[in-house]
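Q: Chain order of the listed sequences is S and U. All letters in the first sequence, in the order written, are residues 2 to 247 by the working numbering. All letters in the second sequence, in the order written, are residues 2 to 247 by the working numbering.
Please note that the accuracy of each hint is not assured.
As the list claims (entries may be wrong) - Heads up, simulated PhoX-like pairs for lysine-lysine below, C-alpha to C-alpha not over 20 Å straight-line:
1. K29/S <-> K63/S
2. K42/S <-> K61/S
3. K174/U <-> K218/U
4. K150/S <-> K150/U
5. K67/U <-> K50/U
6. K173/U <-> K185/S
7. K63/U <-> K108/U
8. K185/U <-> K150/S
9. K68/S <-> K78/S
10. K50/S <-> K77/S
11. K110/U <-> K77/U
12. K190/S <-> K177/S
13. K110/U <-> K174/U
14. K150/S <-> K218/U
15. K185/U <-> K197/U
16. K110/S <-> K197/U
17. K153/U <-> K153/S
18. K153/S <-> K218/U
19. K78/U <-> K50/U
20. K108/U <-> K153/U
21. K108/S <-> K174/S
22. K197/S <-> K218/U
23. K150/U <-> K173/U
24. K67/U <-> K108/U
What the hints assert, rightly or not - Negatives, chain S to chain U, calculated, CB over 10 Å:
25. K63
26. K77
27. D132
28. K150
29. K185
30. K218
Don't read these hints as lab results, they were simulated from the structure. Idealized CB from N, CA, C, for every residue including glycine.
Okay, here's what each chain looks like letter by letter:
Protein chains: 2
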Amino acid sequence: MLTEDLYVIGIGPGDLASMSREAYQTLKSVDIIVGYTTYLKCIEEIIGKEQETYVSGMSKEKERVKKAIEYANSGKKVALISSGDPGVYGMAGLALEMAEVEAAEIKIKVLPGITAANAAAAVLGAPLMHDYAVISLSDILTPWEVILKRLKAAAAADLITVLYNPRSSRRKKQLKKAREIYLKERDPKTPVGIVKNISREGEEVLITDLENLPLTKVDMLSTVIIGNSQSYAANNKIITPRGYNV
Amino acid sequence: MLTEDLYVIGIGPGDLASMSREAYQTLKSVDIIVGYTTYLKCIEEIIGKEQETYVSGMSKEKERVKKAIEYANSGKKVALISSGDPGVYGMAGLALEMAEVEAAEIKIKVLPGITAANAAAAVLGAPLMHDYAVISLSDILTPWEVILKRLKAAAAADLITVLYNPRSSRRKKQLKKAREIYLKERDPKTPVGIVKNISREGEEVLITDLENLPLTKVDMLSTVIIGNSQSYAANNKIITPRGYNV
């Protein structure tokens, strides 16, 4: 039934119900599941007794991919899990890059998941109904100047914007600066939605606006969505009209 | 078990396996399923004998939402289906807007799905691993000047770009113009992926580049992904590095 050697699997925002049926079935069928500690916990209840796991911590991404390729090379069917969609700031790229560098002769398939942008949008109502940009504020792997340029372009072109990795205890200035950039281009009352721990224990949803965006309430587990010039808040939802005459 | 009155459900790209487990279970539990002809066909095999359906054709979106709200108002549990993610150019916004305008006292929940951007990315490898923009080239509901501005901004800011509704038999100039805009900002060899009928019968995948982008092979059922300055093609996949030192 499993035609590939290594599946890079998006588990979605974190609850088993948001995962695709194919991802779920594949996870239950592989020999070994490789993943980051926190994400393994999200799926532990479906791991069978005969299945192995390989778990490691934050910033061990390359080590996990190396292990996953090794296991696949040794003939095991492997799942490498990623939260959200592995294709969006996740493990898909690294897996394909490293397999190519190592000239690994294994078959790899990416099973997409619901990424934070779409999961957060659903909780907030319908903020992403028009053209949008997805931008990570983490400057660990990307120069801050590149991020700044993208924020300015998205703000000026009235793109709805989803911010990933918006703020951490050690990285606070980026979100403040992003807000400044958007305030230059958009109405201070532009709706902003913040969703923390989407679909997990402790989910929190806040609908606010650009000028009142509470910076200190945003952390690494939050996703921030900034509306476009047409977005509005109603009934505790954010709606961006598509353009129909309602 | 069903706590809401109206569920706006993303069925994903079209195969039952890509749907979230929650979407699948909810579809099987509602009293009536409302949707566009083509999308109802995608899920017809799971519709139970006791379940009703309400089907209508293209550009009848408002009529379908009206019906869905009416059914929910009459006490039925309703699923309004949308391909991909209802929150991305789908039915979520219209449902919330119309319910608000009608002051309908029904509980509405959006169940997200895998949108074409993420589904196409998975088939193409890992093109969306960095900041990206999602832009629809359809100028039916959006002025062409607005779309042009967004294309120029995304191209100049080196955002990976996903084009929805790229081309139809009556709308051909938009994709040609988009290619021109990206060629001004990016290397002619920038990888471009085209996926037609994602996860459906007749799926076609083409990996090409900006200068060779075959305009006439793109239609309304295609999703086009244009890489950023770091994207490359290898082993018939498109990879955009995240920035790890591989």
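Q: Hint by hint, note whether the structure agrees.
A: For each hint, the structure was consulted:
{"no.": "1", "hint": "K29/S <-> K63/S", "result": "violated, 24 Å"}
{"no.": "2", "hint": "K42/S <-> K61/S", "result": "holds, 17 Å"}
{"no.": "3", "hint": "K174/U <-> K218/U", "result": "holds, 14 Å"}
{"no.": "4", "hint": "K150/S <-> K150/U", "result": "holds, 16 Å"}
{"no.": "5", "hint": "K67/U <-> K50/U", "result": "violated, 24 Å"}
{"no.": "6", "hint": "K173/U <-> K185/S", "result": "violated, 35 Å"}
{"no.": "7", "hint": "K63/U <-> K108/U", "result": "holds, 19 Å"}
{"no.": "8", "hint": "K185/U <-> K150/S", "result": "holds, 17 Å"}
{"no.": "9", "hint": "K68/S <-> K78/S", "result": "holds, 12 Å"}
{"no.": "10", "hint": "K50/S <-> K77/S", "result": "holds, 16 Å"}
{"no.": "11", "hint": "K110/U <-> K77/U", "result": "holds, 15 Å"}
{"no.": "12", "hint": "K190/S <-> K177/S", "result": "holds, 16 Å"}
{"no.": "13", "hint": "K110/U <-> K174/U", "result": "violated, 38 Å"}
{"no.": "14", "hint": "K150/S <-> K218/U", "result": "violated, 33 Å"}
{"no.": "15", "hint": "K185/U <-> K197/U", "result": "violated, 26 Å"}
{"no.": "16", "hint": "K110/S <-> K197/U", "result": "holds, 18 Å"}
{"no.": "17", "hint": "K153/U <-> K153/S", "result": "holds, 13 Å"}
{"no.": "18", "hint": "K153/S <-> K218/U", "result": "violated, 34 Å"}
{"no.": "19", "hint": "K78/U <-> K50/U", "result": "holds, 16 Å"}
{"no.": "20", "hint": "K108/U <-> K153/U", "result": "violated, 40 Å"}
{"no.": "21", "hint": "K108/S <-> K174/S", "result": "violated, 42 Å"}
{"no.": "22", "hint": "K197/S <-> K218/U", "result": "violated, 42 Å"}
{"no.": "23", "hint": "K150/U <-> K173/U", "result": "holds, 18 Å"}
{"no.": "24", "hint": "K67/U <-> K108/U", "result": "holds, 15 Å"}
{"no.": "25", "hint": "K63", "result": "violated, 6 Å"}
{"no.": "26", "hint": "K77", "result": "holds, 21 Å"}
{"no.": "27", "hint": "D132", "result": "violated, 5 Å"}
{"no.": "28", "hint": "K150", "result": "violated, 5 Å"}
{"no.": "29", "hint": "K185", "result": "holds, 15 Å"}
{"no.": "30", "hint": "K218", "result": "holds, 23 Å"}
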